[in-house]
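Enquirer: If you're matching them up, the sequences are chains A and B in order. Residues in the first sequence are numbered consecutively from 1, following this note's numbering. Residues in the second sequence are numbered consecutively from 1001, following this note's numbering.
Don't read these hints as lab results, they were simulated from the structure. Hints may be right or wrong, so weigh each one.
Sample of chain B residues lacking proximity to chain A, with all beta carbon distances greater than 12 angstroms (derived) [as the list claims (entries may be wrong)]: (1) Ala1074; (2) Lys1106; (3) Glu1608; (4) Thr1792; (5) Ala1808.
Chain A side only, calculated, beta carbon under 8 angstroms to chain B, not exhaustive [as the list claims (entries may be wrong)]: (6) Leu2; (7) Arg4; (8) Ala42; (9) Val182; (10) Gly185; (11) Asp187; (12) Thr189; (13) His240; (14) Ala241.
Within a straight-line C-alpha distance of at most 30 angstroms, the following computed DSS-like cross-link-like pairs (lysine-lysine) qualify [what the hints assert, rightly or not]: (15) B:Lys1114 / B:Lys1246; (16) B:Lys1045 / A:Lys41; (17) B:Lys1114 / A:Lys41; (18) A:Lys176 / B:Lys1456; (19) B:Lys1460 / A:Lys175.
Cβ coordinates follow ideal geometry from the N, Cα and C atoms, glycine included.
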Amino acid sequence: MLLREVEYAKPGSVAEALELLAANDGARALAGGQTLINVMKARAASPDMLVDLNGLDDLTGIELAGDGTLTIGAMTTYTELMGSAEAKARPILGEVCATIADVQVRNRGTIGGNVCSNDPTNHLPPLMVSVGARMTIAGADGEREVSAEEFFLGVYLTAVGPGELLTRISIPAGKKDGFAAVTLGADGTCIANAAATVNGSVRVALGCVDAVPVIVTAESADGVADAVRAANLEPPSDVHASSEYRTHLAEVLATRAAQEASAR
Amino acid sequence: MIQSSETTLAPAPVEVQKGWGGQSVKRKEDKRLLQGEGVFVDDVKRHGMGYLHFVRSPYAHAHITRVDVSAAEAIDGVYGTLTGEEVAALTDPFFQISSVPGANIKDFSLAVGKVRYVGEPVVAVVAETRELARDASELVEVDYEPLAAVVDARVAQDSDTPVLHDDAGGNLMWSGLYSWGDLDAAFAEADRVVKIPELHFHRFNSTPLECDGALVEYNRGVSQWTIHTNNQFPGFAAIMMGPAMKVGLDKLRFVTQDIGGGFGNKITSHPQLVVCCLLARKLNRPVQWTEWRTDFHLSMSHGNERWFRDTEVAVKDDGTLLGFRTKALDDAGAWLRYEPLGGVIWAQVTPGMYRWKHIELEFTQVATNKAPVSPNRGYSRMQHLWFTERVIDIVARELDLDPVEVRKRNYVRAEDMPYTTPNGCVYDSGDYAAMLDLALGLVGYDSMEARRADAKERGKLLGVGIGSTLDSGTNNFGQSRLINPELQFSGNNEVATVKLDIFGEIVVTLGTTPQGQGHETTAAQVVADILNCSVDDVHVRAGHDSYWNSHAGFSGTYASQFAVTGLSAVKGATEMLAAEIKKLAGAVFGGVPAEALELADGGVRIKESPDAFLPFMACGAIINANNAGLPEDLDVTLNCRYVYRPPFEVPDVETKMGNLTLTYACQVHVAVVEVDPETGAYEIVDYAAVDDCGKRINPQIVEGQVMGATAQAIGAAVHETYEYDEDGNLLTPNFYDYHVPHALDMPPLATGAIESPSPFTPLGTKGMGEGGGAGIHAVCAAIQDATGQIVTDSHNPYQRVWRLLQEAKA
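Build out the structure end to end from the sequences listed, making use of the hints.
Expert: This is how it looks when you write it as structure tokens:
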């Protein structure tokens, strides 16, 4: 590891973690480390302190309530989600996690880390928005809950403020979900992606096209393409895709995700 | 012999035949490599050593106005630094291969006065730990005065384009006109002239598991450096470093054990090695440099980017190819570290696999503000073969002919072998049409139209493409004179030493620097067949050490040659040893002639009375430790050194004619793709790779090389590209954006082989490590077939395919 010097703390409880984060301006929570450690190695980020959340039982576990609501601890790994009998209540979760990177990454990376890093090319931000997830954020003043729509605020920016932690994510019952992506290689970065959920009407969240997932809705899958066009997307251009190509992919992938969701 | 096999996870079956050669014996080196017991350069540590970190340029092109290392040097634990100014005072610029104007550039091991690409080393910092060296590097202050950058070779020679090297008077580094046959007659005879305005072969490289590195010690008493390094061509590094450092080559000892992949990219680490040497001497302590992956991506050894412009192809209506003319424009990046050799290396395969006779190619190489290029698996021939393969498929499309038929009509035929190309190269052997049939059979070509219809029903566009290429091996270094007639290089050589030690151990020392190719195994197979013993009894020293005195000027592992140069040296040395063993035994047995003796069962015996047996142990003991009373004139050391020298002449610099390489392994790959017409995304759903590298010493090792070359080509064709923005920033400097194929990206892969022994090599072998990039061509052709649009770029990410489909609609 060739990080800058960094303090390391391993709190014994969520309360202690929150204290550490609140007391140290430059502290960052360390979940699976699959993003944070890499950007630290590149020295693109240099927190003064890492607050390691691994081993905090309050942040783990997947529970299925009687009404079908899933509550997932923020430190749940992709692999745990894929293997969880409870999580099968919302099959799309495990299916999408199975397409994230490779086995080693999936064994370490967490659902909380994925959404909190809010890289626009991540898989889970659009999925959380489409399934109507609610995020529980703990801070010095106790817990608050925000919807996924309110959670994602900008590139690498979420509703989790200084001195706060995402502790769990709750996802309502449902099965009619779809996800589609064009990636750089079979298990690589998303060039564009879309998550769709049918709950009466179709709700699609588009990834990779803006700082936060873009929501479009339509009466049925047939109307999704028009809805995407009406959204007047202006996605960024980069080495993998021009803005024009991303705009086109968004339309195609939104339709495919919606069709998959409708067909379930 | 023709055979094919489906790839499975089961171990390759061992062919039962007489002798070790030709058998897939298990690799001797795998136990240590798989158990983590290899010794790679970063595993070498020394007492009191320091770790080196390079401060690199953030600008593609800028004057350096100030360098201040004082803050870095003030840190406790920082041992010292080296700046460009010191390098300029202590060393001469590296010798340039090029004639003018490239000959005039002044290349030092650190940037002097100016930086010319993002990632160029500017200052080196050595500290007690790797982390500290990096921390201290951030305290080195460098002031830059940024200049405009040139990143597009096509405008490099324009009058308003910034110039990298004022000493060269412009960005042109080298140019040469190659013209063979009678172009006017060819175009007069042609029914059609197919014109192709522009084709582009993109910039990428290979991905060794281990990046570059070195641990350098300086022995002050004898003024000598020991350079533990994974440089794959120490002979070349030495002739670059010695004159620059103003020392004789005896002062530079190169040592290697295991190397984690090379692909040619590790040929040009000599600038970094010079920096390590200077710092080891300055600081009087061993210095280790271990390159980081991002630094490798940014700054080491990209492959040549090349444009082919204004191409004209003379063809008959029946698809007979008569000739072509084109202008090749090659982007060397900022420095000529092995270049402009790429300006002639392509000519090893001038006509590709085809019989056209009239060829004209104007080659121009320019400098740009990008990382310097260096040989990359398939070096320079891959670019040219991609061009010839594109031409074939474009011609077939323009004439509405079947690409299979156009190939078969124009391939050099088996009965033409050995075949002399228009520029005097000699293709040694092969049956290209038979290889194509085998490859087509492996993908079920006969049922392709049914599969195309099936794909269409599923909303997919199916395409089939062929890549047929040559892996020319065993260079005649005399071809460098076509670049610069003043150069005094020609031919090639490799060395092996084989000896019997005191207890009869058979010890083999190679001059090569294997990077995973299994030299220990194949060398042992050759030795065991000659000494009539088991491969287990043959001990091949791991790695390379110039102290072993078992190397020559061209020693190394590069350019597809070990099976010829390395194994021929092993064969020669072993045959010398066998003769000496018989001579010794003849004397011991009281004057028995060699013809009456044979080697068997780990010793030597009299054919007619096998009880008269002298084990190797006795032979080794007698010569090495029990030699009193031996006849005075017995000229036996049981320590035999052989230098293999392939039969070459110096090419003619006027006509540019000559045999540039000794062997021509060939590859025919077929790719079947399915394109998603809505997104341009595509999947390679079927793939066949057929290889003919003459006699195979170890078929499993050959198959491994074929698979690796296929992965390299697929990576390049689909995802791997070094793209720069207009300011010269590399946009794909890490694995996040530079996607190498993972296991999941690889298609179902069927391999097949034909063996056409080379008539020109002692073992009938041919070099075959590079693979010619056949997969790039096959994928391009398959995309052209699927989309119906002419493919003009070697790199076809989904976006480009989508654009092709948009063009098709328009």
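Enquirer: List, from low to high, the hint numbers that the structure doesn't satisfy.
Expert: Violated hints: none; all satisfied.
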